[in-house]
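Colleague: All chains, full assembly: derive it from the sequences and hints.
Going from the sequence shown to my numbering is simple: count from 1 and add 167.
It cannot be assumed that every hint is accurate.
Unchecked claim - Okay, derived cross-link-like pairs now, DSBU-like style, lysine-lysine, Cα gap no bigger than 35 Å in a straight line: (1) 414 with 390; (2) 445 with 392; (3) 270 with 326; (4) 306 with 202; (5) 536 with 199; (6) 390 with 256; (7) 331 with 178; (8) 202 with 354; (9) 270 with 293; (10) 306 with 445.
If you are wondering where the hints come from, they were derived from the structure by calculation, not from laboratory data.
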Amino acid sequence: MLCQFTVKNFKSIRDEATFDMQAAAISEHEDKIIKDIDGDLFLPVSVIYGPNGGGKSNVLEALHTLNSKVLRPLCAACDKTDCEIKARKIPVEPFAFSEESRKESTEFEVFFRTKLAEYRYILHIKGEAVIYESLDRIKLETGRRSALFTRSESQVSLKGVFGKFRISNELSASLPLLSYLGITYKKNEIVADVLEWFEDSIDFLNYGNPYQELRTAVAKSEKIKSLVLDMIREMDLDIEDFRIEEKDDDRIEVYTKHIVEGYSAEITLSEESSGTKKLFGLLPFIASSLVYGTTLVIDELDAKIHPLLLQSIIERFTDMNINRRGAQLIFTSHDLSTMNGSLFRRDEIWFVAKGNGQNSKLYSLVEFKNDKGESVRKDAKYDKQYLESKYGADPYLRKIIDWGTVNA
168 MLCQFTVKNF
178 KSIRDEATFD
188 MQAAAISEHE
198 DKIIKDIDGD
208 LFLPVSVIYG
218 PNGGGKSNVL
228 EALHTLNSKV
238 LRPLCAACDK
248 TDCEIKARKI
258 PVEPFAFSEE
268 SRKESTEFEV
278 FFRTKLAEYR
288 YILHIKGEAV
298 IYESLDRIKL
308 ETGRRSALFT
318 RSESQVSLKG
328 VFGKFRISNE
338 LSASLPLLSY
348 LGITYKKNEI
358 VADVLEWFED
368 SIDFLNYGNP
378 YQELRTAVAK
388 SEKIKSLVLD
398 MIREMDLDIE
408 DFRIEEKDDD
418 RIEVYTKHIV
428 EGYSAEITLS
438 EESSGTKKLF
448 GLLPFIASSL
458 VYGTTLVIDE
468 LDAKIHPLLL
478 QSIIERFTDM
488 NINRRGAQLI
498 FTSHDLSTMN
508 GSLFRRDEIW
518 FVAKGNGQNS
528 KLYSLVEFKN
538 DKGESVRKDA
548 KYDKQYLESK
558 YGADPYLRKI
568 IDWGTVNA
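Modeller: This is the structure in structure tokens:
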């Protein structure tokens, strides 16, 4: 589960920006949040709105870049298809419109939870070199805090249960210590627990072959195929079933089954509409997230599906009778039909827009205050007020309007 993510000096994000999945103390949709074993509350969904070029995709890309930086060394020698994708190099790009920022490191900080503990991982990168790195944890059962390691340009300090580890004197400056521990001490319970979150508990949907993703997801669990079919039927696509057929050269073909006036027929997925093909690339990720309780990150989710289907997907994550494993959906969107208090809490709605100097600002609706210091009411017409530029991030302009006191 993702708890909180902070980034500084990355692409259009010059100043520190924090994206928070912890539930705020507000009285709305209290039955639609995730309650962890220690009683802490977290959000099942969050959406980021903002104009084109405002920087909302960069927030998700920053999280993806951190994930890639950790996993790439572990996946470099792996021959699995998903490892091949994760092994691709993603450059860490600092804020481009300041000479000072270009000389400074890019800073990432992420809080996340597994079944065993909550971890805080910090990574500062300058060019390809690791400038600073640290890992801490809190045991969920006892609440006990402990530092696991810190690393600077000149020193590595292993602490607590990591104190017995031995580190090579020739540790590469470009290799995160966390990745090194994953290679060298992969059987250690805590190392495995941390890296399993990066590898299996958070997923990013903006790359890959949808046919291959469908095969991979369905192969993992029959529950995933069943859930995909349930969603397809709810969406009234007239598809009763689908099957995957292996072809030569490791290719696959997906066949969809239709029943029209009692007559059953199959066609290939390539013969379906572009919208249906997009859904088959998306739904395995949605289903897998709900089945396994993972965090799913999608850029421009609304560009892939109809607004009513988007609403249906959001409601699956916010319905705790369906989302029993604590799955999370984080996405960017332009669709205003879903920007309302009946679907979202105020802390689940985020905005990104550029201020002076091309610097992207990130803030949530629950923390927004107007020039009079007033918060947004939970019964407000969010979509209408957003279109009127009352939340700072104008949907049609790149820059912030009437910035007021947000993130002052």
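Colleague: I'd like to know which numbered hints this structure contradicts. Please list them from smallest to largest.
Modeller: 7, 10
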